[in-house]
Amino acid sequence: MAKLSSQFYATPSEVASFVRDVVGKHRVETALVRKVPFAVEQVVSEEQLSESSVRAADWVVFTLAAIDESPADVPAFRRAHPDAMTLEVGRFSEAGLQESWLHAQSENATAMAVWGRIARDLRGRTYAGVAAVNATSGVIGPILRAWRCTVGARDLYARGVRILPAAGTARLAIIEPPGSGSVAK
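Everything in the sequence shown is counted per this note's numbering, starting at 1 for the first residue and increasing by one.
Calculated directly from the structure, the hints in this document are not laboratory data. Just so we're clear, the structure is a prediction, and the values are computed from it rather than from any experiment.
Computed beta-carbon distance windows for the label pairs:
{"no.": "1", "residue 1": "Asn134", "residue 2": "Ser70", "range": "45 to 51 Å"}
{"no.": "2", "residue 1": "Arg78", "residue 2": "Ala170", "range": "26 to 32 Å"}
{"no.": "3", "residue 1": "Glu41", "residue 2": "Asp121", "range": "21 to 27 Å"}
{"no.": "4", "residue 1": "Asp73", "residue 2": "Ala158", "range": "38 to 44 Å"}
{"no.": "5", "residue 1": "Ala76", "residue 2": "Ala170", "range": "32 to 38 Å"}
{"no.": "6", "residue 1": "Arg27", "residue 2": "Glu94", "range": "34 to 40 Å"}
{"no.": "7", "residue 1": "Asp155", "residue 2": "Arg120", "range": "20 to 26 Å"}
{"no.": "8", "residue 1": "Lys35", "residue 2": "Pro142", "range": "30 to 36 Å"}
{"no.": "9", "residue 1": "Leu4", "residue 2": "Lys35", "range": "19 to 25 Å"}
By construction, the Cβ of each residue, glycine as well, lies at the ideal position given by its N, Cα and C atoms.
Construct all of the structure, not just a fragment, from the sequences and the given hints.
In structure tokens:
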């Protein structure tokens, strides 16, 4: 079974822009999903992909097949869309910026080829620039290659917004893109 996964930090407007570009470029079926209370909204027009709409969703789900809106809960929805790619939308609040996560797992080679192109599109919008910070010394560790970020996320960090880990209490920093020579504070 093929898998792909990309964890990244991006502003809500950057996430919404990425979703709109995916829908426009790859012509995939798309749904905005809320986990609690569970709700599925099939995307039938680009107007549904405003920053506020994407921000309100927990997930944006992409499929090559039609979206089945009939499942009553998350597990049933997952079973109804086994070849889907999911974008878990990171939250931006007073607490800070949470990571977003684009992932897929499927035996469907056609779907994985499309999901791979979408993941490459995301990679082109992000850079490896997230690093852990030692809570005691304040020393910034090496860049964590698996975590990516956008320039917008870097700008939020530079303005003092916390970059929140997916779990735990680690402190994270966003490093400037390669070639700029400085660390965002």
